[in-house]
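Asks: This is what each chain is made of:
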Amino acid sequence: MFCYHCGAQLSEQHDFCTACGADVSLYKKIMYVANRFYNDGLEKATVRDLTGAITSLRQCLKFNKNHVEARNLLGLVYFETGEVVAAMSEWVISKNLRPEKNIADDYIGLLQSNASRLDALNQTIKKYNQAYAYCVQESKDLAVIQLKKVLSLNPKFIRAHQLLALLYMDSEQWERAQRELTKCAAIDRNNTMTLRYLKEVEMMLLPDENVKQPLKRKKEEAVRYQSDNEIIIQPMNVKEPKSGNAATLLNVGIGLVIGLAACYFLVVPAKVGEVRAEAQQTITEIANQSDAKTSRIQELEASMKKLQEENDNLNSELEGYVGDDGTLKTIDELLSAGTIYLQTQNAEEAATHLENIAASVNVDETSEAFQNLYQTLLAAIGPELATTYYDGGLAVYRNEDFTAAIEQLGKAVYYDPTNAEALYYLGQAYRRSGDKENAAVIYEKVIDLFPGTQNAANAQRYLEEMGQ
Amino acid sequence: MINFEEELKKFHPSLEVEDAEEAIYNQDLTDMADLLVKMIQEYEEKQGN
Numbered sequence: 311m312f313c314y315h316c317g318a319q320l321s322e323q324h325d326f327c328t329a330c331g332a333d334v335s336l337y338k339k340i341m342y343v344a345n346r347f348y349n350d351g352l353e354k355a356t357v358r359d360l361t362g363a364i365t366s367l368r369q370c371l372k373f374n375k376n377h378v379e380a381r382n383l384l385g386l387v388y389f390e391t392g393e394v395v396a397a398m399s400e401w402v403i404s405k406n407l408r409p410e411k412n413i414a415d416d417y418i419g420l421l422q423s424n425a426s427r428l429d430a431l432n433q434t435i436k437k438y439n440q441a442y443a444y445c446v447q448e449s450k451d452l453a454v455i456q457l458k459k460v461l462s463l464n465p466k467f468i469r470a471h472q473l474l475a476l477l478y479m480d481s482e483q484w485e486r487a488q489r490e491l492t493k494c495a496a497i498d499r500n501n502t503m504t505l506r507y508l509k510e511v512e513m514m515l516l517p518d519e520n521v522k523q524p525l526k527r528k529k530e531e532a533v534r535y536q537s538d539n540e541i542i543i544q545p546m547n548v549k550e551p552k553s554g555n556a557a558t559l560l561n562v563g564i565g566l567v568i569g570l571a572a573c574y575f576l577v578v579p580a581k582v583g584e585v586r587a588e589a590q591q592t593i594t595e596i597a598n599q600s601d602a603k604t605s606r607i608q609e610l611e612a613s614m615k616k617l618q619e620e621n622d623n624l625n626s627e628l629e630g631y632v633g634d635d636g637t638l639k640t641i642d643e644l645l646s647a648g649t650i651y652l653q654t655q656n657a658e659e660a661a662t663h664l665e666n667i668a669a670s671v672n673v674d675e676t677s678e679a680f681q682n683l684y685q686t687l688l689a690a691i692g693p694e695l696a697t698t699y700y701d702g703g704l705a706v707y708r709n710e711d712f713t714a715a716i717e718q719l720g721k722a723v724y725y726d727p728t729n730a731e732a733l734y735y736l737g738q739a740y741r742r743s744g745d746k747e748n749a750a751v752i753y754e755k756v757i758d759l760f761p762g763t764q765n766a767a768n769a770q771r772y773l774e775e776m777g778q
Numbered sequence: 002m003i004n005f006e007e008e009l010k011k012f013h014p015s016l017e018v019e020d021a022e023e024a025i026y027n028q029d030l031t032d033m034a035d036l037l038v039k040m041i042q043e044y045e046e047k048q049g050n
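Each protein sequence line maps, in turn, to chains A and B.
Residue 311 is where the first sequence starts when you use the numbering used here, and the numbers rise one by one after that.
Residue 2 is where the second sequence starts when you use the numbering used here, and the numbers rise one by one after that.
Just chain A, with the same shape it has in the complex (with noise of 0.2 Å):
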């Protein structure tokens, strides 16, 4: 103990500081007051009544407010009834009061050290003002709810304890209630409230005549069992329904209708669709299939008709070839010319049969052997044709009938290619007949087959008169 006033060690003996002289015997007599009652509090605590503990700790920090042994041991009570901001505060007081060699740097130290503890504390204090919260808004299910997450993660919270417990008497379970009591008292023997509430329970549960009166009412009308957690309450009064045979068999036949109804609205449509489902796939699939053979019908269509235009074409070709008969034509007029040729001599005739050769075949396309033929005949008749023509032609011509001259002519030059002056002559009939086109041709071919004559200078002087 120091003196108040020099802060002197202050002996047992004198009630006067022997440093100062200062009396101290009033303040001698608070320290002991305040020592007194922090024994006292030290004593409730040891045998767990925390309530008084507090109440005696917080006299002894009255009369000594720098007790550092009763400070940390209130925060320990604190500590241990949940009250987890009250506890710190002492420490945190006391670690002020005394820096070194102080329990409550443990206990902060602790707390401190694992913040997720720390962090778990707090968030059962925001839990507990929630369910407090609901309890002033009349939200007592929710409350309850809150509540027990908080009594999970610190089941040492008196007052979370207290709360539900007031809520379960509320809603007049009064077993709940009991055991959330039972669970206080055993944190803290003495709390003033939780034994008033402890006692209110016990006298609702007494077999007492005014107070059990809706109790065994109830317990008339149910049987209430406890089951884990769950209360389950059973209806005594409820009895089934008698009914006769009629009445039995009314209620199958109604389920009998409701199960086809049931039947007809719900499988019935259902099979409908499906089936209606697999015709559409069918009938997909044939259109497909229809589609399919229509393109090939237009296909092979198309081509019949394209071989039956070949067709036609090689029938037509062949009908030039044959003749009444059916031997080929061409072949037939060969061999008739070169048949008249060898038997008459008749130049004139065999040539008939070797121009109709000509008009109708392109001789140069023909077989070898009948080229051989053709061209011996041409050969062999084509120089006395061609001067039978030219004498024919040059007659005519004199005569001013220049169609009659071209045609004579014409052959003359196609027998004999030699003979310039039926060439001449030819262009002059054109020339003379008006049809200067022609003659020009003829003219050219004079003078570029037969230059230097005098055929050829006429034919250029030709030429130029008709402006070439």
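No false leads were slipped in.
Listed next, the stretches of chain B that the computed footprint assigns to chain A, with coverage defined by at least 3 CB atoms under 8 Å from CB atoms of chain A:
#, stretch
1, 2-8
2, 26-37
Calculated lysine-lysine pairs in the BS3-like style (CA-CA distance at most 30 Å, straight line):
#, chain 1, residue 1, chain 2, residue 2
3, A, Lys-405, A, Lys-436
4, A, Lys-339, B, Lys-39
5, A, Lys-493, A, Lys-466
6, B, Lys-39, A, Lys-338
7, B, Lys-47, A, Lys-372
8, B, Lys-11, A, Lys-458
9, B, Lys-10, A, Lys-458
10, A, Lys-493, B, Lys-10
11, A, Lys-339, B, Lys-47
12, B, Lys-10, A, Lys-436
13, B, Lys-10, A, Lys-450
14, A, Lys-466, B, Lys-10
15, A, Lys-509, B, Lys-11
16, B, Lys-11, A, Lys-493
17, A, Lys-450, B, Lys-11
18, A, Lys-459, B, Lys-11
19, A, Lys-509, B, Lys-10
Partial list, derived from the structure: chain B residues whose beta carbon lies under 10 Å from chain A:
#, residue
20, Ala-21
21, Glu-22
22, Ile-41
If you are wondering where the hints come from, they were derived from the structure by calculation, not from laboratory data.
This one's a predicted model, so the numbers in the text were calculated from it and none came from an experiment.
Glycine included, each C-beta is placed from N, C-alpha and C at the ideal position.
Following the hints, put chain B in place on chain A, whose structure we already have.
Replies: Frame of chain A; chain B shown alone:
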């Protein structure tokens, strides 16, 4: 018979950890020894006068 509304008034929200600092600063730490010292000082001042 317990009255829920009346009993509920005896409960109050708990202080959260964030409020601890303010609670410590606002705590009235005056004790009997402080009052005694103050009384003695006032008495001595009166005697001096």
